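Chains as they are written, first to last, in our numbering: chain A, 1 to 748; chain B, 1 to 748.
Honestly, the hints are just simulated from the structure, not real lab data.
One copy or two, either will do: identical chains are not told apart, so a pair holds if it fits within one copy or between any two.
In silico DSS-like links for lysine-lysine, alpha-carbon gap of 30 Å or less:
1. K255 with K333
2. K587 with K478
3. K478 with K605
4. K478 with K579
5. K478 with K597
6. K175 with K270
7. K662 with K415
8. K319 with K270
Just so you know, these numbers come straight off a predicted model, no measurement behind them.
2 protein chains.
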Amino acid sequence: MRTLLSSLAISATGLAFTPSVADLPPRGFFPQSVQAELNLETRFKAMPDPARMREAMRRLSARPHHVGSAYDRENAQWILGQFKSYGWDAHIENFDVLFPTPVERVVELVAPTHFRASLQETAVTGDPTSNQQKEQLPSYNAYSRDGDVTGPLVFVNYGIPADYEELARHGVSVKGAIVIAKYGGSWRGIKPKVAAEHGAIGCLIYSDPRDDGYASGAVFPAGPMRPAQGVQRGSVADMPVYPGDPLTPGVGATKDAKRLTVAQAPTITKIPVLPISYGDAQPLLAALGGPVVPGSWRGGLPITYHFGPGQARVHLRVKSDWSLKTLYDVIAKLPGTTEADEWVIRGNHHDAWVNGAEDPLSGLVAELEEARALGTLYQQGWRPKRTIIYAAWDGEEPGLLGSTEWAETHADELKAHAVAYLNSDTNGRGYLGVEGSHSLEKFMNGVAMDVADPEAGVSSWKRTQAARILNGSAESRKDARTREDLRIEALGSGSDYSTFIDHLGIASLNLGYGGEDRGGIYHSIYDDFYWYTHFSDTAFVYGRALAQAAGISVLRLANADLLPFAFSNLAETVHGYVKELQSLRDKRAEEIADRNKAIDEGLYKFTSDPRDPVTAPERETPAPELNFAPLLSAVDSLTHAAARYDSAYNRAVREGRSGVAKQVNEQLIQAERALTSNEGLRNRPWYTHMLYAPGFYTGYGVKTIPGVREAIEQGQWPEADAEIVRAAAAVQREATWVSTLAATLGGA
Amino acid sequence: MRTLLSSLAISATGLAFTPSVADLPPRGFFPQSVQAELNLETRFKAMPDPARMREAMRRLSARPHHVGSAYDRENAQWILGQFKSYGWDAHIENFDVLFPTPVERVVELVAPTHFRASLQETAVTGDPTSNQQKEQLPSYNAYSRDGDVTGPLVFVNYGIPADYEELARHGVSVKGAIVIAKYGGSWRGIKPKVAAEHGAIGCLIYSDPRDDGYASGAVFPAGPMRPAQGVQRGSVADMPVYPGDPLTPGVGATKDAKRLTVAQAPTITKIPVLPISYGDAQPLLAALGGPVVPGSWRGGLPITYHFGPGQARVHLRVKSDWSLKTLYDVIAKLPGTTEADEWVIRGNHHDAWVNGAEDPLSGLVAELEEARALGTLYQQGWRPKRTIIYAAWDGEEPGLLGSTEWAETHADELKAHAVAYLNSDTNGRGYLGVEGSHSLEKFMNGVAMDVADPEAGVSSWKRTQAARILNGSAESRKDARTREDLRIEALGSGSDYSTFIDHLGIASLNLGYGGEDRGGIYHSIYDDFYWYTHFSDTAFVYGRALAQAAGISVLRLANADLLPFAFSNLAETVHGYVKELQSLRDKRAEEIADRNKAIDEGLYKFTSDPRDPVTAPERETPAPELNFAPLLSAVDSLTHAAARYDSAYNRAVREGRSGVAKQVNEQLIQAERALTSNEGLRNRPWYTHMLYAPGFYTGYGVKTIPGVREAIEQGQWPEADAEIVRAAAAVQREATWVSTLAATLGGA
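Excised from the complex, chain A in its bound form (with noise of 0.2 Å):
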């Protein structure tokens, strides 16, 4: 596979690659700078080196390095020696976080039959880092709460809020039992926030091979698929409510930072919480008795899965060493010179759950290479406009605690400074993917169109393209065929750029390849320097893919005579937000009226099996019209402000007139904020933004219009209209923005 993948990688050096340069320039530069920028791209594109970032993720991830361990330290130090000699002014920042580390796990079933869970993940033969036993951070979830419980196991699918819908249906209670729930449906601290609200006492997550196993290909060693043994570790902290450390909400947690309690901490879970491997899971759940699950709750083992609890008792006890731990963020600056106020942060973690091989240096040696070929061109006498600040995140795995700690601490700065935040994580082979600020869309779509795929000898632009035309929806399809821009995904939560978006309001994108290749290693002993280099991007020729398009973004944010924000994608996209939402009333409102209907007529009481006795949902309040007139007025507001913006910009552009710039900048900085409230989410004050947010009961998942979409998703009527109108507000204060700049860029 490697030689097939080297012969590839040549034609990826850009021989056989035509950028579309001649028809479209680079956005927000002037005729005047378009040549000089280009040339530029083309020094720095030919600079990431496979090579190189091969030997950084050797060197990273050659011991464990979580939070608190030693060699988490030991990679922040190399890293920062590596910005050192790339040229940059670089320091590390320390904060002090809860980071409760696990001091006993114990899962058994007692009834009808004893079994003790292993709960270890074993070392495998020909992977040389597996066996770092004494080193790795056992499996488990963090910020569980410490608990010790006994009780009937049950089986909760995914956990989400629609499963105990089913399980009520069913005649099966949580209350006073130990949940099962399978990974994935939504983020995993979901599931015992969920669990906890229907009365369980203790919750276990495990891997199905249906989802993560063999079912998708051949197991870890042989293959790239997660073994019996293996687990997936993660946060469980109620992160929807707030990211970063559990103790200081809002403020950095720096040394003398007024802190909560662990017991006033409201993201730690309510009941006790462990991951388990499939291998572990199987007896568990073979043990179950109660009804035969529905066909979409079924998973990959060989056995009959029933909802439970029949004689199935589970003894399960957790307890963690819950002290505060010291994170090492580092913080790399090449100074700006006419701009140098206005400051391109740039962002990938450094700390894993175990060796962390995919997730986070794949991201992490990208990000290294683009910052030694920014190095190189500023040695080579190259000065950016904008200050250019990369950062190495710790802590972003518990929780986001690096990233968010460091954004806390310096908010008024980054609300003042921060043009945009462009975030990295893992990365893989396939398609460019891109989510964020939809001011940011057409700049990232000119960003796709000039980066080449490694394996299909055409821009990253047009393989994604040609997926969504050969895979999407019908919608999708007509969208990628005919709109200008490929769409963006917006962003929910699960890496280090939530706290900038949700919490700050400045313009995020997160940056990734992948899509290709399949894999079970995540969180696991097994994400290793092995594993990724005989299952991932073997080569690294995605890792310089990716090196080139997060730095020509950076590049081109750094240098554009105007800042490349556009904002009638912006104005569409919400456009179809409120569209959604219009549809979601109708169609709960139809289903609402249906279901009662049904319950008034006792069709469900007809269509009971007497043997699998169902009973009828739950009857819920009608749906009231909701007024969504605000919501389309601000949006048309914003439509019309948008073109105006576009007519000046194009003018400006086209005239190459620079004498605005410089107003127009400094107010292109603050549109994004535009977006936000003071107030913040219903619920949740640290979550600012008006349009996006992960959801409240989905984790990773967006919301967009978050107050609107979850009042509606959860029936609040009265809340929904009430949430219609500050969204509403906002919306209609980034029409004003819009329009104030169009007025400033067309006056000039």
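Here the structure of chain A is known, so what remains is to put chain B in place on it, guided by the hints.
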């Protein structure tokens, strides 16, 4: 479970159930006849006795009773005695048919390791008939040609044409290979047919536990599902070409019939085939190399499913005894009075693959109780207007042999005299399923309203309506709420109605309860009395409900003043089919155009993963427009004629005008025949009905307006236009016939 069902059964005797008599008198009865009919039905409904059904099932399933076995003949004679004891004029008709039985069976993996399949279903403790190995037909597929082949093994999913396209795109050929296909996705006989078309030299078919095993419940004997050693027997003759005896297509297999040689028989498979259990399949599948299959292909075994072949090679040997065997069809009559030349025919087969408690005895014991009840009424003085014929068919399992040979033998009489054929086969708990001629849709809705569901305390109609409202698609839900009649499905194939509807054009129905219990004993030695009385309709209350539904249907057809056909539902249904065909053409046209464009643009190349390359599909000829005008115009005529018939019918019934009934009834008998064509379907002239046929590449699944639909599906565009004209002619004949009927009836 028995207790629960028995208590429910009390309310199902009719106490809590109010039939909708006042609203809807049975169709076809003049006002002066209604009360007598309802009184008769009330007497009839009280007669079928669950205890007798249980006893009959025990007796008939006591030993294996496949075609040619001693107990098959004994059962026929016992059934004959039963009919006679009920007062029927009964006899046995014999036919001599080709029915191969296994002599040698070998399946072995010969590389990369050796494994020999057991091919043996094991006896189960506690199940008293599972150990009758001497009399059991070994697991095999009847009408597999003999063969002894060795070749690489390839997994082909369900083995339908689309699966071979997927294989080709992954570069996997089955030329010279032995394929292994999952049961499901089509009738089993399609699998070796399509495999041979692609150059395979042998075919294995196995029951995957995801579809038929532990995935959906505990396995036998702990639960009802298929155990690891369970095998599905079954015919693999090419029945979409013609069913019945392969040596006597179109004519009865009487002693002196002209026969093809075995070598000439076109419906015998082109390659050897054998069914195996998932216990035997697992080592074969685990040995496969090649790319990993797509998610939709995966089964429930705890392995990674690969296309193959890699190193895997298999040896398959199949040899049968090809001698003729004798069929024993039991035919019983109750003579009609005023309309003795009009025959109402009812049938269920009696032969099984092994002990066959569910298939076919659960249906047969209901039929016998109907016959006993009708005989009792007859002895009490009731006389039907029309002649009633009850049949217990032999040889259904190998290929609808008994019904087909009987119907072919008596084809001319049947075409002249048969009012309708009413079939049943297996029966279980749940919902009344009705498939059949849409001219009887309204009639069957009336029957379903007047039969109580044994569990739900409402009519069988109401329970089905409830399920469709709760679980149906948006369209089906709307239909169920607003349409006067619940829709019945068109007949495909898979039981003894096939010859009546498909070959002779006799209006037909298939009835049976089911949908609540799942099972995995189909065509195995575990389909026996122990299984049925532990896991299915254990109290035989659904047996009674089937006897009530089928018996009342027979009574109404036999006693009606005017035969209860109606044509507006037929016209509306055919109109729906034509709209489906138009959408199908448009969808195929768009797919072909999209795919050709994507091929031309290189999109498949851009998205191919070099580690698992997938080639572009084949370019297809763009779809031309089709001229649906003749069909739409014919449907329009039928719609108008049907409305005129409805008016005439309503007036005739309202005014109780019996004068023209005899003439109208004679014409009504011929109405279904107008939908047939003497030439039959293209390439399979045995099938003469132009609206309904089993699919050439689906087997059981119906293709409505099959000439047109299959031409479109297979991209045979000129043929599609020609078939539209032929289908339109049939619909136009029907319209003309119904017009005549309306005139005859209206002229009274």
